[in-house]
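Student: Put chain B on the given structure of chain A with help from the hints.
Heads up: the protein sequence lines correspond to chains A and B, in order.
Straight run, no breaks: the first sequence in our numbering ends on number 324.
Straight run, no breaks: the second sequence in our numbering ends on number 591.
If you are wondering where the hints come from, they were derived from the structure by calculation, not from laboratory data.
Glycine included, C-beta positions come from ideal geometry on N, C-alpha and C.
You can trust all of the hints, since none of them are fake.
To give a feel for the contact side, a few chain B residues facing chain A, derived at Cβ under 10 Å: (1) H442; (2) K457; (3) A497; (4) A501.
DSSO-like, lysine-lysine: derived pairs with alpha carbons at most 27 Å apart: (5) K340(B) <-> K414(B); (6) K467(B) <-> K531(B); (7) K535(B) <-> K467(B); (8) K183(A) <-> K202(A); (9) K467(B) <-> K421(B); (10) K53(A) <-> K229(A); (11) K461(B) <-> K202(A); (12) K421(B) <-> K183(A); (13) K202(A) <-> K421(B); (14) K467(B) <-> K202(A); (15) K461(B) <-> K288(A); (16) K202(A) <-> K457(B); (17) K467(B) <-> K288(A); (18) K457(B) <-> K421(B); (19) K202(A) <-> K288(A).
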Amino acid sequence: MSRLSRRNTASIKAADLELIDATPVRHPWRWVGAAVILLVAALAIQSMTTNPKFYWGTFRTYLFDVLVIQGVGWTLILTVSSMVIAIVLAILLAFMRQSENPLFRYVSWVWVWFFRGTPVYTQLLFWGSIGALYPKIIVGVPFGPELFSWDTATVINATVAAIVGLGLNESAYLAEIFRAGLKSVDNGQMEAAEALGMRRSKVMWRIILPQAMRVIIPPTGNETIGMLKTTSLVLAVPFTLDLTFVTNALASRTFLPIPLLMVAAFWYLLITSVLMVGQYYVERHFGKGVDNVMKAPVQATAAAGAAHTAPPATTDGTTEGGKP
Amino acid sequence: MTDTVSIKGPDSTGVKPLVEIQGVHKLFGDHHVLKGIDMTVNRGEVSVIIGPSGSGKSTLLRCINLLETISAGRIYVHDDLIGFRDVNGKLHDLNTKQIAAQRREIGMVFQRFNLFPHKTALQNVIEAPTQVKRQSKAAAKLKALELLEMVGLSDRANFYPSQLSGGQQQRVAIARALAMEPELMLFDEPTSALDPELVGDVLQVMKDLAKSGMTMIVVTHEIGFAREVGDTLTFMDAGVVVESGNPREIIANPQHHRTKEFLSRVL
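So that you can see chain A by itself, here it is in the shape it has in the complex (with noise of 0.2 Å):
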């Protein structure tokens, strides 16, 4: 009887099951926080749109000007050029300073301490006169004949110097970065690859980075969008293409600051956007098997369900990074 009664439970289907219709509980003040911020809200459009001193005119005129374009151009170069340095680099700073090696280590040390401890402001403007203070490259043997040398100035002119610059810096910040993404990776992921036969550096390019770009993503986001907006100091090299220094010209121009100030930040605003989507996807893609994963199908039955799905071993390279 008891099993009968038991199998009886168990065939009972979802729609015949009398489901809690529980009601939830009240939030009045949520209510009442949305009606002041719709308050403040209106009042901020309201004040934007009646207030002359805005010139939303000038804002149109200057919106889409060819040298405002071409400003957003060049601050979408800088920041990309210097970011893909600051990386490259950064990378290599991390390495160094997990090495073996104690030169690697102290050098990497060294290298942030002095990036860092120094104003960005302050590179830019070196970087900018070294051309004053050498005024020639050349490439020789110490003591000896020289072999190659360029005019400083040629090689070394005001884009290259804003990018090192920026790109240098940066890569102090992002070293620091990418130390902690390493460290946050488990122990035991680099003795299981040691344990494997793999040598450390293979390691860490494909085991220990891979993992850490996890935790590398999120600040390194955050340091892409503030170089959007550091690109504004490159007037001290002086780089003078950029979105800021050729609206601040605008403005000095026309005698309307205000507009023109607008236009800079409706651009800065719709750039940022545009990083944090892609900041997205690339988040995506490093969370692979650990955040993005359906919850596994344990049972028995999902088993063989996958099992049908999976793909056979004479397939060819598709079956990689296949998801169930």
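Tutor: Below, chain B alone, put in the same frame as chain A:
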């Protein structure tokens, strides 16, 4: 360079053991963890090490695979002096390349599996063969699928570790170690992190492996496994080998009081 004559162990006649551990000490600072361990493991033998936690049994295993460096004594695996080069009686550290080469002959399975979480089961297994042995991806995959079949997980090849149960992860880890075709397999408490109902599958894979003739050193708390599969049983306590011999005899009739005490607590 690793196979110069100088690296060979002491000569002896007859069948040589695969693993020879001679008077091994290990110090962590002032902490004396291993106090003169002697042990031999013949080819095809399953050597089980038991003992209370802190007895040094895991440390000994890690020394064999160079995850720790010994402070005194010698370890030979397949006549290779582990971790050092003997030049006229003076030991020289091996470089990273030589260490990696020695490790390739020794597979290791960890208590906490240590699968690579960003790679699927299949990718975990082919990682070392393709990256270290430079096998083609296709060949490595074929072999990996065979190994996954052997551990009963061919249907999970494209699952990430986070989608597998602990027992399944450990079986993938065994397949991963076997993919390098090691001469010797080390198991460091392979079932200690598993739910009780998952232990059996892992032990079964290990039994099959033992039957296939693999030389194994197993640190474990599974006395049943030791009795059934072990060729020798070593009981360690406080950094020394207290008792060693036939597992069935030792478990049935322990000679030393510390062995008795330990077995009475775990059986």
